[in-house]
Amino acid sequence: MSLKENINKNLETIAESKSAEQVEQAIDSLDKLKLSQQLNKSSLERFKGALGNCLLMFLDEPNAHPRYRNWLATYFGQVEARFADSRQQPKYMYYPELEPKPWFDESDFKSLEKNKTQREKTIRELTELINEGAGFEAYVKGEMKDDAWSTLVNSDDWGALPLVNGEGKSKVLGRLPETDSLIKSLPLAELSPMAPEVFLSRLKPGVCLPPHYGLSNLKVTAHLPVILPESEKLSITVGDETRTWRANEWLIFDDSFLHSARNDSDEERIVLICDFWNPLLTEEEQSRLTLAIKVIEKANSLFRSW
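Per my numbering, residue 11 is the first one in the sequence shown, and the count goes up by one each step.
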């Protein structure tokens, strides 16, 4: 079979597939062809376009939610993306037609009302872990071109202790049964490898996180305070509104809006951070998005070494 025939066979498989597994197998087959070594630049661009069209054929369905179909058309370049709110600029993925809301309430999430007792158990368990010497690491690693972040790069001024990420649960979570139980009850956004992410976040005294944007409005960020100094000396600004944390209450916001945080107290501020589904999404959209992001990321992995 010639290279062209092999490419076309796998593209046809993707377009006509009935499952994500079939699509992933076809992408793996394309990866083995080492196309970046066999095709010139213009041919590679044509291949990318053809692959995008085939993925769109696999993911799109006439009876799918109109917002989902519009997002597909936007993502694959058939419709121009326009932010509904200028303060909202996600770095990775934008889902059009969702109401641009910087803040959300606990009442927006049905499952949160049921776990108030479990929150208290979790906070006690995490406090014990912290007092024993939790292994926080720098949240910002590597290099940052933005000078505003220079003091936080490879610094534990803003530290993190991962509990759940794209690779699954951490070993630390295995020692935290109450925390694990709480996490299982939460409306975590299943958008691998982007989300869900669950971690302890520590902000040392006097530290300010500069204004920045998160990854996507598909998910919202939820904070549960664990170590909370004087609240009037703590602040988080999302969009144009500044709030603070309250004991045993979730603070929930869309981090695709410009946001920043400060700790002007003399003590560490530590919160449990989780990725929740944006509650404005329907269950149908959530299910379709879980599959779509998985397949899109698999396809994107083809190009990362090119």
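Hints were generated in silico from the structure; no laboratory data involved.
Be aware that one or more of the hints could be misleading.
As the list claims (entries may be wrong) - Below, simulated DMTMM-like cross-link-like pairs (lysine to aspartate or glutamate); rule was C-alpha separation at most 20 angstroms, straight line:
hint: 1; residue 1: 131; residue 2: 190
hint: 2; residue 1: 28; residue 2: 71
hint: 3; residue 1: 181; residue 2: 147
hint: 4; residue 1: 243; residue 2: 259
As the list claims (entries may be wrong) - Label-pair ranges, simulated between beta-carbon atoms:
hint: 5; residue 1: 316; residue 2: 75; range: 28 to 36 angstroms
hint: 6; residue 1: 60; residue 2: 292; range: 47 to 55 angstroms
hint: 7; residue 1: 215; residue 2: 96; range: 27 to 35 angstroms
Note that the coordinates shown come from a computational prediction; the quantities given were computed from them, not determined experimentally.
Don't be surprised by glycine CBs; every beta carbon is placed ideally from N, CA and C.
Margin query: Quick check on a hinted range of 27 to 35 angstroms for residue 215 and residue 96, using CB atoms only.
Written below: Cβ of residue 215 to Cβ of residue 96: about 33 angstroms, so the range 27 to 35 angstroms holds.
Checklist line | CB-CB spacing for residue 75 and residue 316 relative to the 28 to 36 angstroms hint | finding: The hinted range 28 to 36 angstroms holds for residue 316 and residue 75, with Cβ atoms some 33 angstroms apart.
Next item on the list: May I ask you to test the hint 47 to 55 angstroms on the CB atoms belonging to residue 60 and residue 292?
Entry: violated (31 angstroms)
Next item on the list: Sort out whether residue 71 lies within 20 angstroms of residue 28, counting only the CA atoms.
Entry: Status holds; Cα separation ~12 angstroms.
Margin query: Can you confirm whether the C-alpha distance between residue 131 and residue 190 stays at or below 20 angstroms?
Written below: holds (11 angstroms)
Checklist line | Distance restraint between residue 243 and residue 259, which requires alpha-carbon spacing of 20 angstroms or less | finding: holds (17 angstroms)
Check: Is the straight-line distance between the alpha-carbon of residue 181 and that of residue 147 20 angstroms or less?
Finding: Distance of about 15 angstroms is within 20 angstroms: holds.
Figure legend: structure checked against the earlier numbered hints; the only hint not met is number 6.
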